[in-house]
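Asker: Make a model of the complete structure from these sequences and hints.
Per mature numbering (1 follows the signal peptide of the UniProt record, and there is no 0): the sequence shown = residues -18 to -1, 1 to 121.
Note that these hints are calculated values from the structure, not bench results.
Be a bit skeptical, because a hint or two may be false.
Taking lysine to aspartate or glutamate and the EDC-like style, the derived pairs with C-alpha atoms no more than 20 Å apart in a straight line are [stated by the list, open to error]:
1. Lys41 with Glu84
2. Lys41 with Glu65
3. Lys41 with Glu76
4. Lys41 with Glu115
Computed from a predicted model, the values in this text were never measured in an experiment.
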Amino acid sequence: MHLQILPILLSLIHLITALPQQTPCPSTPHPTLPQYRLAYHTYCTRHFTPSRFLVPNEKLVFTYSLTDARGRPVFWVLSAVWEQGGFLGGGSMEAGVEACLEWFGRGEGECVEREGGMGVRGWKGKRGGVRVEARRRGG
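Answerer: And the structure:
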């Protein structure tokens, strides 16, 4: 009898591993991972094509209507800001689509339920850096 159960258990394990993975944010009010990806791809291609000059401490903010895991609408804010930090040289920083996609793509696994929604941080350069944010509107 024990030998008969083994093939059944192995087939169940195979089925379970073949199931699609849950999104990092399965409950409301967070968008699903595909919805988040769609939003940041839209943000980057619309606002960083072919490239854009970021001025220090000036946020580039847009809101997108997405869908959460239960199929309900959720308004999601995406923003990028160049924070110079201690570097006081002024000027601007040129950034393109690929850099923008990298900044927001790093946050895909950072979706956690906490006040303020999904926290996504960008890279930090030697002379300041770009901070990106993705959060629920009103959060």
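Asker: Against each hint, give a clear statement of whether it holds in the structure.
Answerer: Status of the hints after comparison with the structure:
no. : hint              : in the structure
1   : Lys41 with Glu84  : 18 Å, holds
2   : Lys41 with Glu65  : 10 Å, holds
3   : Lys41 with Glu76  : 14 Å, holds
4   : Lys41 with Glu115 : 10 Å, holds
Checked against the numbered hints listed earlier, the structure breaks none of them; every hint is satisfied.
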